[in-house]
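Q: Chains as they are written, first to last, in numbering that gives the first Met the number 0: chain A, 0 to 401; chain B, 0 to 261.
Treat each hint with caution, since some may be false.
Label-pair restraints from in silico Cβ distances [claimed, not checked]:
no., chain 1, residue 1, chain 2, residue 2, range
1, A, Glu302, B, Val250, 46 to 54 angstroms
2, A, Asp57, B, Arg31, 58 to 66 angstroms
3, B, Leu196, A, Glu291, 55 to 63 angstroms
Derived, one-sided and incomplete: chain A residues facing chain B with beta-carbon distance under 8 angstroms [unchecked claim]:
no., residue
4, Cys47
5, Gly122
6, Asn126
7, Gln142
8, Ser148
9, Ala158
10, Gln162
11, Gly165
12, Thr168
13, Gly254
14, Asp276
15, Tyr281
16, Val289
17, Glu291
Keep in mind that the hints were calculated from the coordinates and are not lab data.
All values reported here derive from a predicted model rather than from experimental measurement.
In this text, a Cβ means the ideal position worked out from N, Cα and C, and glycines have one as well.
This is what each chain is made of:
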Amino acid sequence: MKLWLVGISYRHAPVELRERVALGPKEAGALARLLAREIGECVCLSTCNRTEVYAVGDEAEERAVDTLSVLGGEEVAAKSYRLTDHAAALHLFRVAAGLDSLVPGEGEILGQVRTAFEVGAPGPLLNRLFHDALRAGKKARTQTTIGESPTSVASAGAALAQQVFGELTGRRVVVVGAGKVGELAARSLAARGADVVAVANRSDERGADLAGRYGADAIALEGLADAVASADVVVTCTSAPGFVVRPHDVRDRRGRPLFLIDLAVPRDVDPTVNELDGCYVYDIDDLEAVVESSLAGRRREAERAEAIVAEEAERFRAWQASLDVVPTIASLRARAEAIRSAELSKAKLSDEERRTVDSITSQILNKLLHLPTVRMKEAAAAADGVLYADAVRHLFGLEEER
Amino acid sequence: MAELLFWPALLAYGEAAVAYFGETRRPGLPGRLATWGVRIGWLVQTALLAAQAARAEGFPWATWAGSLNLFVWLVVTAYLIWGCRARFRLLGLVVAPVAAILFVVARLGGGTDLGAKSHYSSAFLVLHVGLVLAAFAGFTLAAALAAVYLFQERRLKRHDAAILRVPAPALQTLDSLAGKTIAISLPALTLGMLVGLVRLEAEGGGVDALMAVTVATWVAYGSYVALRYAQGWRGRRTAYLALAAFALVIVVRLALPATHFA
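This is chain A alone, in the form it adopts within the complex (with noise of 0.2 angstroms):
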């Protein structure tokens, strides 16, 4: 059985090109179960960085590429890219670890792949295939760091809020300026549970939308000083000239400490402001260096995890491997088994005595066949599985059988 995989990707493909072939996970699936249909196993792996035929059979190749043209044309199929066996297998190992995405170790990719799998039409080999791709990814994120770090200015700013407050679960958040920049923020700090409480912006109309997305209140500029008392978390991103946030608008904080997102240029707060007892400023100079030092962080990760991976995929090129061996084995137990049954019904025995000539007989071929099927197995892991399988045949007669 040859795993075959046929696919285009950022690295090689524009998206003018990827998107002709994106798919949903429903039509994903469906046309995994379509291909399944002629060919045998299929599992459709698309995202917006990538679209991936994974396919078993002797036509696979030809299906998936027809495919690919059929979706997108021939450049779509001129730009793809083939691999088979180990190297298919590799690929999707590296994938489901994040080491093939955008940014090293992304989480969202493992999500995708297990998707696809599970709308797929998976059969022996791909099951097996993406068992072991979904471990080796897990694997590669739970003993390396390389999806831990932020890798945008929003997430920098929630992990280090995190640094300060631990759980953001509860803590108060005041949005200053209603910006694009400002909401992803916003957003990253809600998503780990923390509470857009307030949205001071100039505008009342954009200050009352991003206020009532969040459940927030949105408040004039006026009464900042007030929200900010109150807040653990503010996040600014306004346009103004001059400093919103001064040192003598924090105030009544009793030990409790403030953590400052300062998005905005110019800069929203005034730098001072850091000096302050508990009080801990980031602008988008910071931030930005906070992401590239992670990034840097996920790429040295991203070594360890290639390893991880590695190991993984040579596990699963062992087992596909002894696949080979299989009909051979079968074939070489089958014929013993014919010889010992062939020769035991020519004996003139009682009953009693064939029960134990063929107890004895049976654990003879056992204990004879043994160490040539483990040895067997042994070696198909290795370079010269096919040979030892070829002697096999030839000095059992097994092939004139066939």
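Given the coordinates of chain A, work out where chain B should sit on it, guided by the hints.
A: Just chain B, lined up with the frame of chain A:
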């Protein structure tokens, strides 16, 4: 033969200290190795203490060095309660080297030997030494928490770009844990001191300098608890206060051989 347990315990604590340092450079495997080092070291040291208790006549840690041995075990025990969690590994960077060094000092002073003889009644020593040492172990951990707090706070204030690379507890968690540790340790110190005073009253004897410093230590930690829970002190101020009070604990520990065990 049981004395030889000192070496594997020291080896494990030493390995943990080195691995914790490695964790700051490359988080992951070194951290796990460090955690196992502390666990194994603690188990072996527990076996050593059990052997000492079995062979001793009276309380086995009545000497200065013996009490240091017990003190190290108490500190590591307190650390193991929550220190094995990934986020608290940074704390091990403080605890493991200190444990290893003090363990060596205890060994040099004969505190890890077997067959110790004590001139004091066991019940008195178990209560007095046990409670005071348990309190001091708690204060040591609180000082380590305060030190990590100040380290992390400084990194946040200075906008250290690599701050997220090494997992560390949140500032509020460190602050809260230090406060709770001191709040739990202070009653133990109070009880330990009371037991000592009762014995002083019963058997006579004067107040020495060590006792005076111990009372000063109690006042310092009492102030910490009062300021924290009554006045709402938090963060950097309480961290500095915990470290200042711990300086008195060090004085008491250093003064022990010159006074109580003279």
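Q: Of the numbered hints stated earlier in the document, which are not met by this structure?
A: 2, 4, 5, 6 and 12
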